[in-house]
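Visitor: These protein sequences, in sequence, are chains A and B. Whatever position you read off the first sequence (first residue = 1), add 1019 for my numbering. Whatever position you read off the second sequence (first residue = 1), add 28 for my numbering.
For the record, the hints were derived by calculation from the structure and aren't laboratory data. These numbers come from a predicted model, not from an experiment. Note that beta-carbon positions come from the ideal geometry of N, C-alpha and C, so glycine has one too. Do not rely on the hints blindly, as some may be mistaken.
Each pair of labels, with its calculated beta carbon distance range [to be verified]:
hint, chain 1, residue 1, chain 2, residue 2, range
1, A, Leu1073, B, Phe94, 26 to 32 Å
2, A, Ser1022, B, Asn90, 42 to 48 Å
3, B, Glu127, A, Ser1084, 41 to 47 Å
4, A, Ser1022, B, Asp85, 18 to 24 Å
Residues from chain B that keep clear of chain A, each with C-beta distances beyond 10 Å, as calculated [said to hold, decoys possible]:
hint, residue
5, Val32
6, Thr41
7, Gly56
8, Asp84
9, Leu126
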Amino acid sequence: GQSLEQPSEVTAVEGAIVQINCTYQTSGFYGLSWYQQHDGGAPTFLSYNGLDGLEETGRFSSFLSRSDSYGYLLLQELQMKDSASYFCAVLEGYNTDKLIFGTGTRLQVFP
Amino acid sequence: GAGVSQTPSNKVTEKGKYVELRCDPISGHTALYWYRQSLGQGPEFLIYFQGTGAADDSGLPNDRFFAVRPEGSVSTLKIQRTERGDSAVYLCASSRGLENTGELFFGEGSRLTVL
């Protein structure tokens, strides 16, 4: 079967750092993406890891370890607007952007 | 338009009725994806098109669900004999295709409620 596990909810205060973990078990694996979704909105792309290691994009960083079937999203200098749901998603194969999404982590940022 | 457009944004129907949901992808994007999202869950893959053909329809839950993309642009998701369990937000996404970027561009979704 296919499974992507994430914590269901994380809370933090403004200015803090938070890490959202994702472990996966899928039939194929090519890379790991992260998406943000505000309530009632569309999922929006944050980052993609095709190789092991850290990818940094502004306040957000994402990490992948293929040997551990594990990745995380790191959010720094949290702002109230970062309150949203965050999804990891596995890219299963070559020559496709078909993604299998995790269950999502709801992040609440408090002042 | 600049983004993925989905219509209707909201659809309320009665059990047993037929429903069509439309998706207009970003111009030039050859790949188009349909997902379904229930409250508190992640998007669930239904089907994706590369051009006019369905490259992978393994996520369609049963034969009441069908999707077409006759000219390789706009797509329609069709649901026959709707059931209350079909209530969800149906998301459409597009990408340039065959690039393995992990990046999909999503529309705002069509919220389907089956009474």
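Visitor: Does each hint fit the structure? Answer for all of them.
Guide: Hint check results:
1. Against the hinted window of 26 to 32 Å, the Cβ-Cβ separation of Leu1073 of chain A and Phe94 of chain B comes to about 43 Å, which falls outside the hint.
2. Taking 42 to 48 Å as the suggested C-beta distance range, the pair Ser1022 of chain A and Asn90 of chain B does not conform, at roughly 22 Å.
3. For the pair Glu127 of chain B and Ser1084 of chain A, the beta carbons lie near 24 Å from each other, so the given range of 41 to 47 Å is not met.
4. For the hinted restraint 18 to 24 Å between Ser1022 of chain A and Asp85 of chain B, the CB-CB distance of approximately 22 Å keeps it satisfied.
5. Its beta-carbon lying about 8 Å from the closest one in chain A, Val32 of chain B breaks the requirement of being farther than 10 Å from that chain.
6. At the 10 Å boundary, the C-beta of Thr41 of chain B stays outside the reach of chain A, the nearest C-beta of that chain being 21 Å off.
7. With a least CB separation of 14 Å from chain A, Gly56 of chain B remains clear of the 10 Å interface cut-off, as annotated.
8. With a least beta-carbon separation of about 6 Å from chain A, Asp84 of chain B fails to lie farther than 10 Å from that chain, contradicting its non-interface assignment.
9. With a least CB separation of 5 Å from chain A, Leu126 of chain B falls inside the 10 Å interface cut-off, contrary to its annotation.
Of the hints listed earlier, those the structure fails to meet are numbers 1, 2, 3, 5, 8, 9, in rising order.
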